[in-house]
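Participant: As you go down the protein sequences, you meet chains X and D in turn. Number 508 marks the last residue of the first sequence (our numbering); no jumps. Number 281 marks the last residue of the second sequence (our numbering); no jumps.
To be clear, the hints were calculated from the coordinates, so they are not data collected in a lab. Only a predicted model underlies this, so the values are computations on that prediction, with no experimental measurement involved. Just to be clear, a hint being listed does not mean it is correct.
[Claimed, not checked] The calculated label-pair distances, taken between Cβ atoms and stated as ranges, are: (1) D:265 x X:356: 18 to 28 Å; (2) X:325 x D:206: 27 to 37 Å; (3) D:264 x X:356: 38 to 48 Å; (4) X:347 x D:266: 55 to 65 Å; (5) D:265 x X:371: 14 to 24 Å; (6) D:208 x X:467: 50 to 60 Å; (7) X:198 x D:274: 28 to 38 Å; (8) D:274 x X:325: 20 to 30 Å; (9) D:207 x X:247: 47 to 57 Å; (10) X:325 x D:264: 18 to 28 Å; (11) D:165 x X:274: 52 to 62 Å; (12) X:325 x D:252: 17 to 27 Å; (13) D:165 x X:397: 39 to 49 Å.
[Said to hold, decoys possible] Where chain X lies over chain D, by a calculated footprint (3+ residues, C-beta under 8 Å): (14) 165-179; (15) 260-274.
Cβ atoms here follow ideal geometry from the backbone N, Cα and C, with glycine treated the same way.
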Amino acid sequence: MLLDAELRYAGMNQAYLDVTQRRREELLGQLVMQEYDGGPGQEAQENARQLLASFEKVLATGKPDHLAVLHYPIPVPQDDGTTTYEDRYWSCTHTPIKDADGRVTHILQHTSDITELERLRRQVGRLRPADASSALDSLIGGGMFRRAMSVQADNRRLETERRQLLDMFMQTPGFVAVLNGPQHVIQLHNGAYGQLIGHRDVIGKPIREALPELAGQGFYDFLDEVLATGEPCQGRQSPVQLQQTPDGLLATRYLNFIYQPIRNDAGTIMGVFVQGHDVTDTVLAAERQKLMIDELNHRVKNTLATVQSIAMQTARSHEDPRSFAETFQSRILSLSHTHDLLTRSHWEGADLREVLEHETTAHGLHRLTLNGPNVALDPAMAVSLGMIFHELATNAAKYGALSSGDGRVLVDWSVANQAHPQLGIVWRETGGPSVTVPERRGFGSRLIERNVRHDLAGTVQMHYRDDGFTAEITIPLSKEAA
Amino acid sequence: MTNALQGRRVLVIEDESLVAMLLETILEDMGCTVVGPESNIDDGLIAATTEASLDAALLDVNVAGREVFPVAEALRARGVPFVFSTGYGEAGLPEHWRGNPTIQKPFTEGAIRDALMKAMNISLA
Numbered sequence: 027m028l029l030d031a032e033l034r035y036a037g038m039n040q041a042y043l044d045v046t047q048r049r050r051e052e053l054l055g056q057l058v059m060q061e062y063d064g065g066p067g068q069e070a071q072e073n074a075r076q077l078l079a080s081f082e083k084v085l086a087t088g089k090p091d092h093l094a095v096l097h098y099p100i101p102v103p104q105d106d107g108t109t110t111y112e113d114r115y116w117s118c119t120h121t122p123i124k125d126a127d128g129r130v131t132h133i134l135q136h137t138s139d140i141t142e143l144e145r146l147r148r149q150v151g152r153l154r155p156a157d158a159s160s161a162l163d164s165l166i167g168g169g170m171f172r173r174a175m176s177v178q179a180d181n182r183r184l185e186t187e188r189r190q191l192l193d194m195f196m197q198t199p200g201f202v203a204v205l206n207g208p209q210h211v212i213q214l215h216n217g218a219y220g221q222l223i224g225h226r227d228v229i230g231k232p233i234r235e236a237l238p239e240l241a242g243q244g245f246y247d248f249l250d251e252v253l254a255t256g257e258p259c260q261g262r263q264s265p266v267q268l269q270q271t272p273d274g275l276l277a278t279r280y281l282n283f284i285y286q287p288i289r290n291d292a293g294t295i296m297g298v299f300v301q302g303h304d305v306t307d308t309v310l311a312a313e314r315q316k317l318m319i320d321e322l323n324h325r326v327k328n329t330l331a332t333v334q335s336i337a338m339q340t341a342r343s344h345e346d347p348r349s350f351a352e353t354f355q356s357r358i359l360s361l362s363h364t365h366d367l368l369t370r371s372h373w374e375g376a377d378l379r380e381v382l383e384h385e386t387t388a389h390g391l392h393r394l395t396l397n398g399p400n401v402a403l404d405p406a407m408a409v410s411l412g413m414i415f416h417e418l419a420t421n422a423a424k425y426g427a428l429s430s431g432d433g434r435v436l437v438d439w440s441v442a443n444q445a446h447p448q449l450g451i452v453w454r455e456t457g458g459p460s461v462t463v464p465e466r467r468g469f470g471s472r473l474i475e476r477n478v479r480h481d482l483a484g485t486v487q488m489h490y491r492d493d494g495f496t497a498e499i500t501i502p503l504s505k506e507a508a
Numbered sequence: 157m158t159n160a161l162q163g164r165r166v167l168v169i170e171d172e173s174l175v176a177m178l179l180e181t182i183l184e185d186m187g188c189t190v191v192g193p194e195s196n197i198d199d200g201l202i203a204a205t206t207e208a209s210l211d212a213a214l215l216d217v218n219v220a221g222r223e224v225f226p227v228a229e230a231l232r233a234r235g236v237p238f239v240f241s242t243g244y245g246e247a248g249l250p251e252h253w254r255g256n257p258t259i260q261k262p263f264t265e266g267a268i269r270d271a272l273m274k275a276m277n278i279s280l281a
C-alpha cells in the first residue's frame, strides 16, 4: 500500500484489498487515518496512535520505521446490520520514498499478515496451558512473537519517555539547543535559548547564519572542535555579545555552558548538544559587591588617615592634653555627624541645611540663622562642608560672635548660573566683640582654605571686619564645571 | 639621616585635603619642599610633566575615583622616583606596579621617610 505525504492512499495491491475487504475506488485519495478502524473497545485509540506515530516518524526522519505487531481489526458487516471484527495481526514496515531533493513524497507500507502465527501461538498455549516449553513454543509462542511484542512495548515506553524528556528539556530554566552536522544547523531549542537570542527564528539555520554576531567571539571554533575531537567544551561566566533586541544593538551576557558531542549508535559524532545558564545577574552582582568592598576599604582607610591628620595637626596647636582632647573630640564628632547624615541616605548625599543644622543645635537655635534653598550635596562635598562649618562655628564660639551673649551668625546661601551651578555661601557674624586679625593662621583657618580649594575646587574669602567676621565661599556644584 | 631629604622637591598628589595637609607637614618637617599638593589627575599630570625640578613624588593611588598610574608613567619617563600611598597597601596595586615603594594609609612619618629614601635610592650608611 502506498501513501502520499499527506497520508492519503495513493495506491494498493489486490492482496491489501482482499484482506481489508475494501474496493480500490473507495480508498484512493482518502486519508488513511480516517479509513483505519482501530476496532471496538479502548484498544482502538492506541492502535491508531501507534500507526500514525510510525507514519509521522518516517516523514520527520526520512528513515524506514517498523511496527512489529499492529492489531488491525477488519470490520465485517453482518446480515443483521451489525458489524463484527475479524482480528488480524500485521507486522508493518513503512519505507519513505523521496524526490530528487531528498523530501519524502510517499510512504510504502509493506505488510506481513502474522495472524496465523498468532493463532498458532494461542493454540499451543491452550494445548499446554501451564508449562509450555516445546521448541515450537519457544520459537513462536515464547520466543519470536513474544520478543516482537516486547520490543514493541519497549518502543512504546521509550516513546513516552522521549516525549517526557523533550517536555522537560523544553521547559528547563537553563538554555538548551541541538545543533546538527558540520554546519551546526539548529534543529531544536527551548524557551530559555529563544529568550537568550531575542526570539529570532533560527530553526533549520546553520549557526553562522542564525547568530552572525557571534563571529570572532570564539564560539564557532568551540563547536567545530567538539565535532572534530568529540571532547566536550565548557565555559564559565564567559562573556558573549548577543543581539537580544531587533534594533541590532549587542548586549553583553555572561554564560555558563557546556557543548557535548551527540553520537549515533555507531559512535559517529552527529552534532552538538548545547546546554547552559545565563549567569549575567550573578556576575554583575559579584562585580558590584567587589566595587563596594573596594570603595568601603578606600573610604575607611582615607577616613582613618583624615582622623590621623586631625589628631596630629590638633596636637601641634594644643600643648595641654585636656584642651587637645576637647578640640580633637569635637572635630571627630563633627565628622561623625556628617557620616550619620550620609548613612541615612545610603551615602547618596545630604542636604546643605542638614549639614549646617548640626552646628545650630550645638550653639543654640536662636544664635544661628540659616537662610537658603535646598541644595543636594554629594558625599564628599557634605563631608568637606561639615568640617568647614565646624571650624567656622568653633572660631565664632572662641573668638567671634558666639563668644558673647548677644552675637549672632547669619548664614545665607544661593545657587547661581543654572548651566554651571555655583553655590555661594556667606557666613556673617554680628553683635560680637570687636574683631582683630589673628597673628598667625591656625589649623582651623588653614583647614577651611585648603578644603574649599583642594576638595571643593572653590574659592573662599575671609574678612576680619570690625563689626564682625565674614567668610564668602563659592563652590561649583557639579564636578564637570570645576 | 635627617639631612638626607633636606631641600628635596617632592610632588604630592592626594585628593583629601586633610591627608594632603598632614603629608605637607611631615615632608616640611623632613626639610622637603612640597610641590602641589594636587587634588586631581589632570593637575597632577601637568605638574608631573612641567615642574622644572622634581626629586620625588608621593602619589595617592585612588584620586577622586581615578587611578594615578598615568602620572606614575609620566614620572617614570622623566626618571623621577615616586612612592604610592594607598589604603589597600601593595596588594592593591596592579601586577605592573608591585615592587614600587608603597606606603599604606594611615601612615607614620618613619614609613614615609623610608619609602622616599628607598625610591630615591638613598642609603643610610
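Participant: Holds or violated: the 27 to 37 Å window for the beta-carbon distance between residue 325 of chain X and residue 206 of chain D?
Facilitator: holds (32 Å)
Participant: State, for the Cβ atoms of residue 325 of chain X and residue 252 of chain D, whether the hinted interval 17 to 27 Å holds or is violated.
Facilitator: holds (25 Å)
Participant: Taking 28 to 38 Å as the hint, is the beta-carbon distance of residue 198 of chain X and residue 274 of chain D inside that range?
Facilitator: violated (59 Å)
Participant: Hint says 50 to 60 Å; check whether the CB-CB distance for residue 208 of chain D and residue 467 of chain X agrees.
Facilitator: violated (28 Å)
Participant: Kindly confirm whether 55 to 65 Å is satisfied by the beta carbon distance between residue 347 of chain X and residue 266 of chain D.
Facilitator: violated (23 Å)
Participant: Holds or violated: the stretch 260-274 of chain D covered by chain X, criterion of 3 or more residues with Cβ-Cβ distance under 8 Å?
Facilitator: With 4 residues closer than 8 Å to chain X, the stretch 260-274 of chain D meets the three-residue bar; holds.
Participant: State, for the Cβ atoms of residue 325 of chain X and residue 264 of chain D, whether the hinted interval 18 to 28 Å holds or is violated.
Facilitator: About 21 Å separates the Cβ atoms of residue 325 of chain X and residue 264 of chain D, which means 18 to 28 Å holds.
Participant: Within 20 to 30 Å or not, the Cβ separation of residue 274 of chain D and residue 325 of chain X?
Facilitator: Once the Cβ atoms are compared, 28 Å apart, the range 20 to 30 Å for residue 325 of chain X and residue 274 of chain D holds.
Participant: Falls inside 18 to 28 Å, the C-beta gap from residue 265 of chain D to residue 356 of chain X?
Facilitator: Since the Cβ atoms of residue 265 of chain D and residue 356 of chain X sit about 25 Å apart, the hinted range of 18 to 28 Å holds.
Participant: May I ask you to test the hint 47 to 57 Å on the CB atoms belonging to residue 207 of chain D and residue 247 of chain X?
Facilitator: holds (51 Å)
Participant: Would you say the C-beta atoms of residue 165 of chain D and residue 397 of chain X sit inside 39 to 49 Å of each other?
Facilitator: For residue 397 of chain X against residue 165 of chain D, whose Cβ atoms are near 46 Å apart, the range 39 to 49 Å holds.
Participant: Quick check: does the Cβ-Cβ distance between residue 165 of chain D and residue 274 of chain X fall within 52 to 62 Å?
Facilitator: holds (55 Å)
In this structure, the earlier hints numbered 3, 4, 5, 6, 7 are contradicted, and the remaining ones agree with it.
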